[in-house]
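**Student:** As given, the protein sequences belong to chains A and B, one line each in that order. Under this note's numbering, the final residue of the first sequence carries the number 208; numbering is consecutive throughout. Under this note's numbering, the final residue of the second sequence carries the number 81; numbering is consecutive throughout.
Simulated from the structure, these hints should not be mistaken for laboratory data. Just to be clear, a hint being listed does not mean it is correct.
[Stated by the list, open to error] Here are the simulated DSSO-like cross-link-like pairs (lysine-lysine), alpha carbons at most 30 Å apart as the crow flies: (1) K62/B - K22/B; (2) K27/B - K129/A; (3) K179/A - K56/A; (4) K62/B - K68/A.
[What the hints assert, rightly or not] Here chain B is said to cover these stretches of chain A; the calculated rule only asks that three of the stretch's residues, wherever they fall, bring their Cβ under 8 Å from a Cβ of chain B: (5) 80 to 91; (6) 182 to 188.
Quick caveat: nothing in here was measured; it's all calculated off a predicted structure. Cβ coordinates follow ideal geometry from the N, Cα and C atoms, glycine included.
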Amino acid sequence: MNTPSNVAPMKDLDPQMNALVREEVERLLAARSGESAKEDLETRVTALERRAPQNKVSIVVFSDEMDKVLAAFAVASGALAMDMEVSMYFTFWGLSAIRQETHLDGKDFRQRMMGVFLPENSRQMGLSKMNMLGLGPRMMRTMMRQKNITSLEEMRALVTEMGTRMIACTMAMDLMGIKQTELIPGVQLGGVATFMDEALNSRLTLFL
Amino acid sequence: MQCDDTLDTRGLRCPMPILATKTAIAKMTDGQVLTVLASDPGSLTDMTSFCQVTGNELLIAKDSDGSFEFTVRKNSVRRDS
Numbered sequence: 001m002n003t004p005s006n007v008a009p010m011k012d013l014d015p016q017m018n019a020l021v022r023e024e025v026e027r028l029l030a031a032r033s034g035e036s037a038k039e040d041l042e043t044r045v046t047a048l049e050r051r052a053p054q055n056k057v058s059i060v061v062f063s064d065e066m067d068k069v070l071a072a073f074a075v076a077s078g079a080l081a082m083d084m085e086v087s088m089y090f091t092f093w094g095l096s097a098i099r100q101e102t103h104l105d106g107k108d109f110r111q112r113m114m115g116v117f118l119p120e121n122s123r124q125m126g127l128s129k130m131n132m133l134g135l136g137p138r139m140m141r142t143m144m145r146q147k148n149i150t151s152l153e154e155m156r157a158l159v160t161e162m163g164t165r166m167i168a169c170t171m172a173m174d175l176m177g178i179k180q181t182e183l184i185p186g187v188q189l190g191g192v193a194t195f196m197d198e199a200l201n202s203r204l205t206l207f208l
Numbered sequence: 001m002q003c004d005d006t007l008d009t010r011g012l013r014c015p016m017p018i019l020a021t022k023t024a025i026a027k028m029t030d031g032q033v034l035t036v037l038a039s040d041p042g043s044l045t046d047m048t049s050f051c052q053v054t055g056n057e058l059l060i061a062k063d064s065d066g067s068f069e070f071t072v073r074k075n076s077v078r079r080d081s
């Protein structure tokens, strides 16, 4: 029969969680024995494992400002480089960050108006400061090129390629009349529950 | 010391040196040594943190007048797990 000392500490669980599991093992083994106890244990361990944070970062991108979005992608790429999983959730104005084009047909009047006033694609996003009627971001992009800083689109392609889970908020898309065909390829559609599932399993959640 | 591979990230800005290092290390086997050349001043602290988190070993970090040279030994066993 198994004794508690035979139970190896599980990977990716913090010491507190490990202690909890061990306590549960001891309690159960004292109370019962045999196959049923083992099965019961496995179920409980799986439940605990699901609740333990994984090596994951989740980022909500809410803004359509180039500087903030660039920061989000830079953090994502850093996390990926350090062997963490990343999921990015794009909602409201943040959808512009993964927009590659804008179509106006098939939309109602207000949605068309939004299509006209919002950035046509990610390259048209403004700056949160010093936007200067669109001159600011152009100047910023030129300066970034001169300084050999990776552009937003390149960084986005990089994090997508490295396995970032990109999720577009369906509610915001529906509200603003944004179709999936207007977004870059590889984006999944999801709602708040999808994000919560990711966020609850993450060590770090950011809202930008 | 024997070096198995050299990576030149000079001219690249954050976060590219770290991403390139990760990609280069992924291709190596445990115990192999990678030399990274960098010019980004942030790479000194970045490389230290990168190694701390990923479990790879930072053997040498040289800063000679804004030009950096790092020697990293691959170790795929993470420290925090």
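**Student:** Next step is simple, just say for each hint if it's right about the structure.
**Tutor:** A quick look at each hint next to the structure:
no. : hint           : result
1   : K62/B - K22/B  : 19 Å, holds
2   : K27/B - K129/A : 41 Å, violated
3   : K179/A - K56/A : 28 Å, holds
4   : K62/B - K68/A  : 33 Å, violated
5   : 80 to 91       : holds (count 4)
6   : 182 to 188     : violated (count 0)
Figure legend: structure checked against the earlier numbered hints; hints not met, in rising order: 2, 4 and 6.
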